[in-house]
Amino acid sequence: MQNLTLLDGQKFQITIQRLCHQLIENHNDFSESVIIGIQPRGIYLAKRITDELHRLLPKASITHGNLDITFFRDDIRTNKDLPPASSTKIDFMIEDKRVILVDDVLWTGRTIRAALDALLAFGRPRKVELLVLVDRRFSRQLPIEPDYIGMQVDSVDSQKVIVCWEETDKKDQITLISGK
Amino acid sequence: MADQHPKLSTKHLLGIKDLTPGDIQLIFETADNFKDVLNRPIKKVPSLRDITIANIFFENSTRTKLSFELAEKRLSADVISFAASSSSVSKGETLIDTVNNILAMKVDMVVMRHPHAGAGLFLSKHVDAQIINAGDGAHEHPTQALLDAFSIREKYGEVTGKKVAIIGDILHSRVALSNILCLQKLGAEVMVCGPTTLIPKHINSLGVKVEHDLFKALNWCDVANMLRIQLERQEMRYFPSLREYSMLYGLNKQILDSLDKEITVMHPGPINRGVEITSDVADSNQSIILDQVENGVAIRMAVLYLLAGYRS
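So the protein lines, in turn, are chains D and Z.
Residues in the first sequence are numbered consecutively from 1, following the numbering used here.
Residues in the second sequence are numbered consecutively from 181, following the numbering used here.
Looking at chain Z on its own, in the form it has when it is part of the complex (with noise of 0.2 Å):
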């Protein structure tokens, strides 16, 4: 008779390597429900207003930024938010330092990007507030892939048993490590393909399929999560030109037309018009682009209600 009570497994989102499935269901309920205050007149609830959130960027960011504070706003938090380049990480402060400092202004929670792999678990380690990892280096970008993986469970009721490819440069990308893990904790099938520079060695071992030919890639998915060159995070060339790269590796609507099937596309933004996409394509009914973005202003306001909720 009593009513379930599910709760997150976890005290921080750092990755999606430590949430459950139940984990992942239980914020994409929630997310629903989330979605649905979002379309009501007044797109606020109070759930959060006793919590200050900090967000704490030390890498550029428009869109997980805004999604972030927007979420936070809408669920009535108190929000400081901070960006890097500004402040006193420049005079040379340590990041424990940094955020302890915060800390001290009574903040309750955390969302950071910042560019080096593991710093929200490091952070986890050695302060009080809940961490919530909005992009660490090339490691992963969990709010993204529950927001890629929520944006398919939309368009087609489930993503158990959906054949998704992650097309472009794997090797730098969090989301695509976010979005294997992810993904694959909800039964689909995965599939990376990009040049052979841009995949990492031994990515079979996560268990995905690799390919090197796009059209072949296209063929074989329902969905293609497509991914930005991060220029920013190449220290060498890993290929040729650009041109060349958006030849062999570019979606445009030729060879999307050519399918058998319809495929959806993704992008996580932002987006390189022209390199990895055409603007045809990006812009087309085919592409739930726009769809991720609204829905990660719900799927973040999952997170944040449930951490905020989160009992040891």
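Excised from the complex, chain D in its bound form (with noise of 0.2 Å):
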């Protein structure tokens, strides 16, 4: 098994810098647009991205949520190992606001199909927008694109593109794996 660091240290926090930069161009304020993260690991990121933005914008109140997609996934049956099922947390409407969708990677684009499916439970968003940490990209299986992106990586489907966070893992890194 080979590892190699894709991210870390500075430069990590710098694409989390530039990202939320890159959102408040298109949301200003953010009054109409909210965050749900993706469980299990979109979370962290939209986490960090919110507590970002409320840094940069002290007077904003920026909402946040998480989305579970486990019961919406198109895999269920197919699948060899089922994951389970994590919690979703949106106690605010979503109807006419602009969504911003965030995970941290987005490899063929299912898992954010099945966002889009989860969210319409929730209301009909004005607008939805993708960011993600690591785009890896000409691999995707349905016709879904970031509009936000921390890094591209090239990578074959035998790798594996692992977002480490200081919340859970003690440090933050983006590392490419490949090999058994």
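What the hints contain is simulated information worked out from the structure, not anything from laboratory work.
Covered stretches of chain Z (in silico footprint by chain D; criterion: 3 or more residues with CB under 8 Å from a CB of chain D, positions within the stretch not fixed):
{"hint": "1", "stretch": "220 to 231"}
{"hint": "2", "stretch": "482 to 490"}
With a cut-off of at most 27 Å between alpha-carbon atoms, the simulated DSSO-like pairs for lysine-lysine come out as follows:
{"hint": "3", "chain 1": "Z", "residue 1": "K305", "chain 2": "D", "residue 2": "K80"}
{"hint": "4", "chain 1": "Z", "residue 1": "K253", "chain 2": "Z", "residue 2": "K187"}
{"hint": "5", "chain 1": "Z", "residue 1": "K253", "chain 2": "D", "residue 2": "K89"}
{"hint": "6", "chain 1": "D", "residue 1": "K171", "chain 2": "D", "residue 2": "K89"}
Cβ atoms here follow ideal geometry from the backbone N, Cα and C, with glycine treated the same way.
Build the complex: two chains, separate frames, hints provided.
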């Protein structure tokens, strides 16, 4: 097994700050926008983004929630490992809001497809945007593209991209894992 | 780093006997999430949209049948329902033939209630579909036990260490056996209480306390699960009269108020008001009977969902 660190330390922080500045360009004071992290790994990025936005815009009130997509997956019957469900916490209306979906890694696009489905149970947003920390480009199985990208990675199917977080793994790091 | 993916250890749900404590915890955690789904404006998820489920009821049922049907529909499964009274069973068809004919229509799962103990196990050995036991004779009723334990967990935060008294017709009750097994696997203490004639012999081999005095049982327990007298299963008289049973084993407000502590009252339904429980107790704020019914849908969704994802 070979591990290659793609991003860590200060560059990791700068990437998150850049994403926040890009969001501010499009969303002004976030009064019409909500940030929704996708369970299980997108919630840490959503939290980081929200905290950073609070720092940058102390007066703005920024709404953020978590969305679990387990029950909306299209591979419940075929996937070898059925992932456990996590909690959804959306205690606000998304009707007519601009939703920013947040996930750590965008790969095949199937998680985002499920997230779009899951989101409908909470209303009809005016617009849905997608923010990802890592875009594993050229590996999409569905016509889904991110609006905000932390970094782009060229990888093959057998490789894995893992994002570690200070909160759970004691360090912020993006790693590309090759081989078994 | 990789997420642990816990799964059920069994392909069918035939009884609590086959479940591990880990299975039960997994069902509870999944049911928590489904309960959340059920409180949303749109109470439906597409998880089982490629699955067809047959509900086969060879015995009458209101709650369990509706609860299973609703759980299946909330999961977007295709559902066919069948009641034995209106079927070819009355024309002499065997159980395997009936079920195989249903399976020939490409059914993935069968939810079955049957008056004979072991019917689910028998079927699971002879057909390809996954079987969920919705009550087999006086043997097991696993989803009822799961939702009862889930309701206790919801009320007290955990089941471990709780004292639960199951009171009434233990002999003819499938709810009693499943509840005893489920509660014990979760670390609760269980007592059964009822007239000698309605307590099975050798039940203490299951590790439960036996008590014949209602007041003592209520004073011991945190939760009282009241069972109905199953007159339809009784071939002989087990007690002189319903009135006498009610006087000795019926739960009323007076006896509940005379206890030192506030206990929680449960009932799997259907209630015979005025026999095993009076109306003022059934409708009091100590009763979680309707919470049980609500939790039933979430528990059944969790069971169906996890079984659909079962991999051998």
